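Participant: Sequence:
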Amino acid sequence: KNYLGETQIRRLERTVTGYFDYIEDLIERENTFTMEEFSASINEFLAFRKYKILPDKGKISKHMAAARAETEYAEFNKTQKITSDFDREVKRLIEKGGNADE
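If you number the sequence shown the way the working numbering does, the last residue is 103 and the count never jumps.
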């Protein structure tokens with residue numbers, strides 16, 4: 002399931018592309034940096050682009066995240082089961098020699 006709208010997806014794509022271009026430029030100029038510096042550069046880049054930076058790891062526990070994921074997956078999986086049932090029925094009809102015109 003896609004939680005982002007089309008505008009948000011395009012904005013995210015531009016941001017990621019911009020950051021990758023920035024890092025590629027640093028690498029081509031043979032700049033070296035530690036993982037800590039790399040992490041800080043991400044926050045600096047996002048701040049420059051006026052994105053809000055999370056100050057910490059947040060308040061969602063592993064248990065809460067897992068429960069949410071299971072709920073979302075259950076909703077998503079309903080569609081998959083419908084498709085799967087449809088595919089099974091089509092296969093059964095084909096094997097039976099069924100025809101859509103009948």
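Keep in mind the hints are simulated off the structure, nothing from the lab.
From a predicted model like this one, the values you see are computed outputs, not experimental measurements.
Built from N, CA and C at the ideal position, the CB exists for glycine as well.
It is possible that part of the hints are untrue.
[Claimed, not checked] Computed beta-carbon distance windows for the label pairs:
id : residue 1 : residue 2 : range
1  : Met65     : Ile28     : 36 to 46 Å
2  : Tyr23     : Glu90     : 50 to 60 Å
3  : Thr16     : Asp86     : 31 to 41 Å
Participant: If a hint holds in the structure, say so; if it doesn't, say that too.
Facilitator: Hints and how they fare:
Between Met65 and Ile28 the beta carbons are some 38 Å apart, a value that agrees with the proposed interval 36 to 46 Å. In this structure the supplied range 50 to 60 Å holds for Tyr23 paired with Glu90, their Cβ-Cβ distance being about 52 Å. Checked against the given bound of 31 to 41 Å, the beta carbons of Thr16 and Asp86, roughly 40 Å apart, stay inside it.
Going down the numbered hints, you'll see the structure goes against none, and every one checks out.
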